[in-house]
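Protein sequence lines correspond, in order, to chains D and H.
The first sequence begins at 1 in the numbering used here and counts up by one.
The second sequence begins at 1 in the numbering used here and counts up by one.
If you are wondering where the hints come from, they were derived from the structure by calculation, not from laboratory data.
Just so you know, not all the hints are guaranteed correct.
[As the list claims (entries may be wrong)] With a straight-line cut-off of 25 Å between C-alpha atoms, the simulated DSS-like cross-links for lysine-lysine are:
| # | chain 1 | residue 1 | chain 2 | residue 2 |
| --- | --- | --- | --- | --- |
| 1 | H | Lys-87 | D | Lys-157 |
| 2 | D | Lys-32 | D | Lys-55 |
| 3 | D | Lys-32 | D | Lys-100 |
| 4 | D | Lys-126 | H | Lys-214 |
| 5 | H | Lys-186 | H | Lys-214 |
| 6 | H | Lys-214 | H | Lys-187 |
| 7 | D | Lys-126 | H | Lys-87 |
| 8 | H | Lys-186 | D | Lys-126 |
| 9 | H | Lys-186 | D | Lys-157 |
| 10 | H | Lys-214 | D | Lys-157 |
| 11 | D | Lys-100 | D | Lys-126 |
| 12 | D | Lys-157 | H | Lys-67 |
Values in this document were obtained by computation on a predicted structure and should not be read as measured data.
For reference, the chains in residue letters:
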Amino acid sequence: MAEREHRTVFVTVGTTCFDALVMAVDSPEVKKALLQKGYSNLLIQMGRGTYVPSKVSGDATLQVDHFTFSPSIADNMRTASLVISHAGSGSIFETLRLGKPLIVVVNEDLMDNHQSELAEELAERKHLFCARPQTLGETIRAMDLETLVPYEPGDAKPVVALINRFLGFPVA
Amino acid sequence: MGLNAVVAACYALPVLISVLTVRFFYVLWHSGQSASRPRNTRLRCLIILGSGGHTAEMMNIVTTLQKDRFTPRYYVAALTDNMSLQKAEVYEQSLIQSDGMKTAESAHFMQIYRSREVGQSYITSIATTLLATLHAMWLVIRIRPQVIFCNGPGTCFPLCISAFLLKVLGLGWCSIFYIESIARVKKLSLSGLLLYKLRIADQFFVQWPQLQHKYPRACYAGRLM
Chain D
1 MAEREHRTVF VTVGTTCFDA LVMAVDSPEV KKALLQKGYS NLLIQMGRGT YVPSKVSGDA
61 TLQVDHFTFS PSIADNMRTA SLVISHAGSG SIFETLRLGK PLIVVVNEDL MDNHQSELAE
121 ELAERKHLFC ARPQTLGETI RAMDLETLVP YEPGDAKPVV ALINRFLGFP VA
Chain H
1 MGLNAVVAAC YALPVLISVL TVRFFYVLWH SGQSASRPRN TRLRCLIILG SGGHTAEMMN
61 IVTTLQKDRF TPRYYVAALT DNMSLQKAEV YEQSLIQSDG MKTAESAHFM QIYRSREVGQ
121 SYITSIATTL LATLHAMWLV IRIRPQVIFC NGPGTCFPLC ISAFLLKVLG LGWCSIFYIE
181 SIARVKKLSL SGLLLYKLRI ADQFFVQWPQ LQHKYPRACY AGRLM
């Protein structure tokens, strides 16, 4: 039992307050879905939120841990087998660059919710899965990591070349 | 005597207004035109940083820029945003270590008042917007940028308007490059929409082809992230 391989799910809300996501991952439904998918650990970065998830551990349950902020979030992402993130573009692209499977949960309480645009577009292109707090359990149960397409990082060179041409610099 | 002054003003005012109107349309027309300049020209740059994903995208552009052409670089971020300038400083420091460039000459870091904080009431926003605009004008007059790079934080609008105003008044010329954030897939941000509609941006980039179809004057040259 102690030999069980560690497969960690890392949940991050960045610098935001997103209690609805922390509550969702703390729910028995989501924990059960994660266990069924073979994950053993759940690490929650809860940001500015006030909801504190329960830390239960034992056999046949997820090992849960949480913290508010940390300078080493990149390390947490690197060691994770699955990342569940808020819809901020910083977290999204950091996770995609590391090639980690990603579920983005859109915060529906935000006023100007343009962030869902990016998550939905990238989900349509099969780079990640997109969910709402109330549909997270369902998304985990239905997800098939094999269907994900690796994300090809962008490149600033074409934009900079056009800027140089506009400014009249000779093209190198 | 008083009458003469009024008469003089009556003649001078329409002339002044027509001159400014002609100048305004000339600037609007000339802003979209590209120029030709020798390879070794140096351009004073104003780089506007914003919180969240904005700074990461902007730094991808800055790292790709030819540092000998685009120098000195003035980085501006909101007063409440300490993270963004810190990232730019770290990058400029790394340039000194690799090239031996002097940062004191080539990189400057400044902060600007924000028009409106999240959750601020609309009545006090009028006063803070006025303060932010005046501060933006002061910064633009001090820096006299030749190139402005921005990608959508709220602070970029007053800075771009100020730079455009200086162009109309003939007090300086600069090219404004606006690169809409990758987070905008279907709609432009408010700053982006204003700068596009008012034709203040000389060159306007979007990072998704479907957005370019909607705004045909925009350029699509791939993604930054």
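Going down the list of hints, with the structure as the test:
Distance hint between Lys-87 (chain H) and Lys-157 (chain D) is fulfilled; the C-alpha atoms sit about 21 Å from each other, no more than 25 Å. Restraint check for Lys-32 (chain D) and Lys-55 (chain D): satisfied, since their Cα atoms lie roughly 15 Å apart, inside the 25 Å limit. Among the hinted pairs, Lys-32 (chain D) with Lys-100 (chain D) is consistent with the structure: their alpha-carbon atoms are about 21 Å apart, no more than 25 Å. Of the pairs offered as hints, the one joining Lys-126 (chain D) and Lys-214 (chain H) holds, with about 24 Å between alpha carbons and a cut-off of 25 Å not exceeded.
Proposed proximity of Lys-186 (chain H) and Lys-214 (chain H) is supported: the alpha carbons are some 9 Å apart, at most 25 Å. Between Lys-214 (chain H) and Lys-187 (chain H) the alpha-carbon distance is near 9 Å, which keeps this suggested pair within the 25 Å criterion. For the proposed pair Lys-126 (chain D) and Lys-87 (chain H), the alpha carbon gap of about 31 Å is over 25 Å, so the pair is violated. Distance check on the hinted pair: Lys-186 (chain H) and Lys-126 (chain D) sit about 18 Å apart at the alpha-carbon level, within 25 Å; holds.
Distance check on the hinted pair: Lys-186 (chain H) and Lys-157 (chain D) sit about 24 Å apart at the alpha-carbon level, within 25 Å; holds. A distance of roughly 24 Å separates the Cα atoms of Lys-214 (chain H) and Lys-157 (chain D); the hinted pair therefore holds under the 25 Å criterion. Between Lys-100 (chain D) and Lys-126 (chain D) the CA atoms are separated by roughly 13 Å; this keeps the pair inside 25 Å, and the hint holds. Distance restraint check for Lys-157 (chain D) and Lys-67 (chain H): the Cα-Cα separation of roughly 14 Å lies within the 25 Å cut-off, and the hinted pair is therefore satisfied.
When held up to the earlier numbered hints, the structure conflicts with hint 7 and nothing else.
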